[in-house]
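Protein chains in written order, with the numbering used here: chain A, 1 to 637; chain B, 638 to 1046; chain C, 1047 to 1304.
Hints should not be assumed to be uniformly reliable.
Stated by the list, open to error - Stretch-level coverage of chain C by chain B, calculated; a stretch enters the list once three of its residues show a Cβ under 8 Å from a Cβ in chain B:
no., segment
1, 1055 to 1069
2, 1285 to 1296
Claimed, not checked - Distance windows between CB atoms, simulated:
no., chain 1, residue 1, chain 2, residue 2, range
3, A, Arg313, C, Pro1232, 37 to 47 Å
4, A, Asp397, C, Ala1127, 21 to 31 Å
5, A, Ala621, B, Ser696, 25 to 35 Å
6, C, Arg1109, B, Gln998, 33 to 43 Å
Stated by the list, open to error - Partial chain B-side listing against chain A, Cβ under 10 Å, derived:
no., residue
7, Asn936
8, Thr939
9, Ser976
10, Ala993
11, Pro994
These aren't lab readings, by the way, just hints derived from the structure by calculation.
Note that this is a predicted model, so its numbers are computed, not measured.
Built from N, CA and C at the ideal position, the CB exists for glycine as well.
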Amino acid sequence: MIAAALSTVTLAVLLVGLGLALVQARRWRAGRAAAVDLWAGLAALPGRYLVDVHAVVGRKPFNARFHALSAGGFLAALALLVLLALPPLRHPILWGLLAVALATMLAGGLMVGYRRRVLRPPELSGGRFSRLPLALTGFAAAFLLVAADQSAGGVLPVPVGLALVALGGWGLAELVFGVWKGPLKHAVHGALHLVAHPRPARFHDGAGRDSGLRPLELAAGDADSAPLGAGRVLDFAWNRLLGFDACVQCGRCESACPAFAAGLPLNPKALIQDLVASLDEGDDGRAYAGHRHPGHPAGAGASGPSLPLVGPRAAIHPDTLWSCTTCRACVQECPMMIEHVDAVIDLRRYQTLELGATPVKAAAVLEELRATDNPGGRDLARRLDWAVDLRLPVLADGGACDVLLWLGDGAYDLRNQRSLRALVLLLRRAGVDFAVLGADELDCGDVARRLGDEATFQDLARRNVALLNGRTFQRIVTADPHAFHCLRNEYPAFGGRWTVLHHTALLLELVRSGALPVTAPLARAVAYHDPCYLGRYNGETEAPRALLDAIGAERREMARSGLRSRCCGGGGGAPLTDVVGERRIPDQRMDDARASGAPTLAVACPTCTLMLEGVVEPRPAVAEIAELVLAATEPTP
Amino acid sequence: MSEQHPTARRRDPRAERAARTVRVEPRRRLVLSVDVVPQTGGRPRRDPRARRAEAIVQSVPRLRLDWTGKAVGASALPTVEGRGPRAASEPVLRVIDDPACLLFAVLDRPDGALSGHDRQVLAAARLLADAAGGAVVAVVPDGGEDLGALGADRVLPLPAAWADEYAPERRAAAVAAAIARWSPRHILFAESQDGGDLARRVAVACGERLFAGVESLSSARAARRAGGGATELGCAPPRLLSIAADAVAPLGAVRHEARRLDPPPEPDGVPALQGARRLPVDPDGVGLGEADFIVSAGNGVTDWDAFAALGRALGATRAGSRVVCDAGHLPRDRQVGASGTVVSARCYLAFGIAGAPQHLQGIGGVERVIAVNTDLHAAMIKRADLAIIADAQAVMPALVRLARERGHG
Amino acid sequence: MVDVAILLSVGRHPVSGRARRAPTDARALEMALGLPAVRRTALHAGDPASPALRDYLGMGLDRLTVLAMAHGCDPVEPLAAHLRSLSPGIVLTGNRAEGGEDSGMLPYRVAHTLGVAIVPDVVAITVEAGGGAAEVVQALARGQRRALRVALPFVATIHPAAPSARPSAFGPARRGRIDSVPVEAPPDAFLAACAARPWRDRPKRLTVGAPGSGGALDRLRAATEAKAGQGRLLVGPSPDEAALAIYECLQEQGVLPR
């Protein structure tokens, strides 16, 4: 009797849950088509879940533990409950197993309760999520009693048993219906997102990292063709929408986001939730019970599947969109593998390419970039002006050299000319056969692409690829991680495949090979700031550190470093869009540096140099790594 | 130098020996008993210690030296060098009674006074007139100036009121009528805002083309910039030309008779542009790129009320360095510098700005920079035309007081 | 409600020399897009294949009419003829094109040919309710502004201080239509008579200080004095002394009344 009731309730709830999941699926299936290999994704699902997802979740061991206990127990319990629906299988041993699974889950549920009710991390959302511990423990405890009772032969009075089944059924319903909008959305959507992920190469079974933006199809379209980028939520591909829907509002992105920390009006979690709310007609986003974008109250704009996403009175305020530095800290932290930066870029592409709604200063830079092939509007023939005395060899069309030095836009900046000069002197000192492109080098297009101006980026990329393919060299070396990322990860889509090195990697190689003997070890404390486009985008965190160790620096790690480094605030065109927050991102990063106690902050990116050196003194001195290496390898007379 | 520095005479043995010499032939004989001091030959010796002591302008917290010799002690203040009257003799009056041709110099007289640009136009007309044996006719709203001293042989007065009121159509009609009557060989205008407008109106009224904004002028060739600044168009000076600012040096030390001609008849007809009136302009509402007088604050400014009061008292547009705008003391559109706005003000008054390279790039086009800073070695001090080593917080209220005393606060 | 025509030229970037939208023409289009217009007609006289025309379409124009003519022709007659057939209430254009003769004469010649008034250096236009006249604001030197009342129709040239033009977007630029109308235009004899050569920067003639006798010594003095600036330095004066020095310097520069 009780067993039958239990089975009925379980199956009914699961069936309703399945129906809800199908209804949900229709929402994101309304998005644009995407090429997805579902079978390969399904085959890779367990691996992606156990390796990639848990690598992220495991950064907080307590969470990993309660997750394993509650989710493992819940899945096992569900499987056993379904089996127990068949009367011949209702055996005390099976009931015993169910009791064990539910006890495991109860332990996990209690840990969840402890975290949500006692620890209360600020980044967690409230609302329906607050009921999660109750549902977990209610379901587990009630059904645990029933299962224990059944394995013992059924000693409980029937009304008590039925009451327990009802309580457990509520808990189960809360959990399963939570697939609709509640905490357990991520169970189904997260799994499907892992299957149909738009960047399968980012998982351990692929390249392990996939950070280059996808080219936008720009081939001549007519008035009826689909808009460029995402103006409405349905302009996203369906598997992107699935990804947004998988968000479990854990807030890890929020605590990693440099813009949010500086009080800029951007919270990546709220941004994803804005997109999710836009999927439903008449959802004003008020059900969302987490932190909003700083300075922007909830429900300020109208949202819906067919309404514009971005605007002062729309779901997403333009300031929110243009606050992002594209540093990928949110992507790095997201356990659901959501690609926030791709979403931001898709939204920006529509704003820039279709509406021309780029913020004023950024738009002016893009216009200069289109007219002169560099963002400052300067004469390309003057790219080498700073180095007239160095007589840099220029690689002409058809020429050959070993190392092609990509100078980038830093060649126009007084500060960065100093670090480029150091790099050139080091290459000379080590006897490297190198050359530059001189006046032929165009801007790599990084800033255009991050600001959504895909047309200008593709134009620059095609011409740069043609330019580079006309010359012979072994590898490209650049001191600019943004150019490094473009050349290495984004130009292959346009036919440019070369070995690209960041200058720290080359310098390390030269120091290790003895071409650059260390004569004057630094012997002072140095903190190293990882550029986002070198670290998170390319995983290159070791070479700069090894280089600093090799030149005798006493290396200190800042509060956030390596793949979890905090952005300097200079990426993604953020200095151009210049959204005002409570503080500036570079000031915050400099606080990290101050806290490390090191008198010198080593940087490896021209943008980081400018942003961090722009912080008001007193502050640690900012030195480009090449400058430190130059000082440490001064030849002894 | 020698009065200020205690100097020791350098000994010159050769001169001393010559002074002691009483006889050379047949053998040199010297008088050794007397103490002979040669009259010439001793070069003053520098005393580096004294020089250094004099160059010290600040010893705490850091030693600051000024080797330029420009540092003026507070006691020597204020020393505005007056330009004395020229000692040159009065120039001789030149009278051109029977000119081969006439040349019109159509002057602006903006705001009721001849501008430097007007003088340059007269000089340009003089240049063409002297080559052709012609006479220069200044066509100008009537005023009190002695146009003869500026190079005008004749004056064709227009109604004096036109200098102040905005009547471009009537002015153009009057000039066109005068051209029809006197048939000048060349008509020169100032390529200023109103002068350029007048020139174009006159050109279309005469059915001729204007060679606008002449950058270089000789009697044989006029040249102007075209093609987006990439091309120089040159030709023999055409009939109508307008002279760009600072392209021709104004005349000095000339005297012409400036004989008055009969004014042209007042044009009739109702002008289409009516009811012109100046709009009150809030200095802080003016775009930085357009602003004429900017008072700017940097990291050395802490008293923001005094800064705001100073902007109001001087009627200046307020601006700031990047740090100041980052900190939110001023809105972002008030930021001067390479990453903010590049300004081209006539006067830039900087308080507490050290002068980062990006900031100096932003004030590249400024005519005169006044800097107040506590650090003598700040880059801004080097750039400044008037540099004051003092605390901005003390100078700002004093300047506000002074401006109010002088009656425009 | 008013019928607006905008005359657009192809600009030239001062550094790269690449064709682009001319800055003041783009501002003219921006102003036209902000006016309560019943019809906006954008006109260009020249080469319909110039890529810079797409930059104007990218600002939100559906179409752009190009009076196709060869380089070196005088566009005034064809433009005036086309405008006469449209009879717009307001014709807007930049106060100076870049890349051609750059004399700023075209708007005056067009206005004269059409027989309508011309208002130069406009930064704002408000059309009166009846649509018969407009309140126009002109930019003057040093950020000053002057307001006028002008009866329609008129030609207005737009000053660089007018509100900046919106960015040009790729999508609308690609979709916009360019209607090419071949026209007969006479060659520009005035321009043909001029000799063109590349511009070389030469030092500006300095007019610092009072005019001297024009002799070499004066010119040298003027040049060297300007190079060195005034270069006065006051170290540690009292606040009042500093204020007086600044005040006198400001007076000397003419930004404060004497």
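Checklist entry - When the hints from earlier in the document are held up against this structure, which numbers fail? => result Violated hints: 3, 4 and 8; rest satisfied.
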